[in-house]
Amino acid sequence: DQQVKQNSPSLSVQEGRISILNCDYTNSMFDYFLWYKKYPAEGPTFLISISSIKDKNEDGRFTVFLNKSAKHLSLHIVPSQPGDSAVYFCAASLGGSARQLTFGSGTQLTVLP
Amino acid sequence: NAGVTQTPKFQVLKTGQSMTLQCAQDMNHEYMSWYRQDPGMGLRLIHYSVGAGITDQGEVPNGYNVSRSTTEDFPLRLLSAAPSQTSVYFCASSPGLGTGELFFGEGSRLTVL
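The listed protein sequences derive, respectively, from chains A and L.
The first sequence lines up with residues 1042 to 1154 when you count with this note's numbering.
The second sequence lines up with residues 274 to 386 when you count with this note's numbering.
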């Protein structure tokens, strides 16, 4: 039973528009959430994170929103660029610990020029 | 800036053969881990280590052994390969348990026939 779920395997958006990637989790003990980006033939790279004491964190074009009551987080990319085309994984942890990182199955984002 | 280095990048094995996936990091990170990525499953934790001489099991440890004799190296051993171990393997490291931010290698694609 997956504790972190990304229900959309793929998403396509036009360049310049907003991309919204969603993630749901079932374990209410998770207190730190991260997004990783992965290009083909490369390892995942850290993108942005959010602590459970916040509901929003922004870094340039990337914003992560956390809705604890719904156990839902989302990643917004504005404006989307072709170079953003990648697989995005959401991950959750307990106590900010790297040893307890649980990943979702990923969403393939394609930004169309 | 080598970061996390994995070798080999590709390997084909026959059922029952053994092999070792190598992982080395030059960032003096205490924490290292191995994940496997399978379609529709995200990344799942195999084994991890919080420092030299200390290892522990993750979510899917069966069929794999690890050791951590130095801070830099964290090899993953497949004792008797099975087709179910066909996967892409990622090694990751982190400077500590605080943030959960992992730095990943480029991955090793293993096929077991």
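Since the hints were made in silico from the structure, they are not lab data.
Note that this is a predicted model, so its numbers are computed, not measured.
Be a bit skeptical, because a hint or two may be false.
Said to hold, decoys possible - EDC-like cross-link-like pairs, simulated, lysine to aspartate or glutamate; straight-line CA separation at most 16 Å:
| id | chain 1 | residue 1 | chain 2 | residue 2 |
| --- | --- | --- | --- | --- |
| 1 | A | LYS1078 | L | ASP299 |
| 2 | A | LYS1097 | A | ASP1072 |
| 3 | A | LYS1109 | A | ASP1096 |
| 4 | A | LYS1078 | L | GLU303 |
| 5 | A | LYS1046 | A | ASP1065 |
| 6 | L | LYS282 | A | ASP1065 |
| 7 | A | LYS1112 | A | ASP1072 |
| 8 | A | LYS1095 | A | ASP1125 |
| 9 | A | LYS1112 | A | GLU1083 |
| 10 | A | LYS1109 | A | ASP1065 |
| 11 | A | LYS1046 | L | ASP311 |
So, going through the hints one by one against the coordinates:
1. A:LYS1078 x L:ASP299: violated (22 Å)
2. A:LYS1097 x A:ASP1072: The hint holds at about 14 Å.
3. A:LYS1109 x A:ASP1096: holds (8 Å)
4. A:LYS1078 x L:GLU303: This hinted pair is violated, its Cα atoms lying about 23 Å apart.
5. A:LYS1046 x A:ASP1065: holds (5 Å)
6. L:LYS282 x A:ASP1065: violated (32 Å)
7. A:LYS1112 x A:ASP1072: Holds: A:LYS1112 and A:ASP1072 sit about 11 Å apart, inside 16 Å.
8. A:LYS1095 x A:ASP1125: violated (25 Å)
9. A:LYS1112 x A:GLU1083: Answer violated: A:LYS1112 to A:GLU1083 is near 30 Å, above 16 Å.
10. A:LYS1109 x A:ASP1065: holds (10 Å)
11. A:LYS1046 x L:ASP311: Answer holds: A:LYS1046 to L:ASP311 is near 15 Å, not above 16 Å.
Hint check: violations occur at hints 1, 4, 6, 8 and 9; the rest are consistent with the structure.
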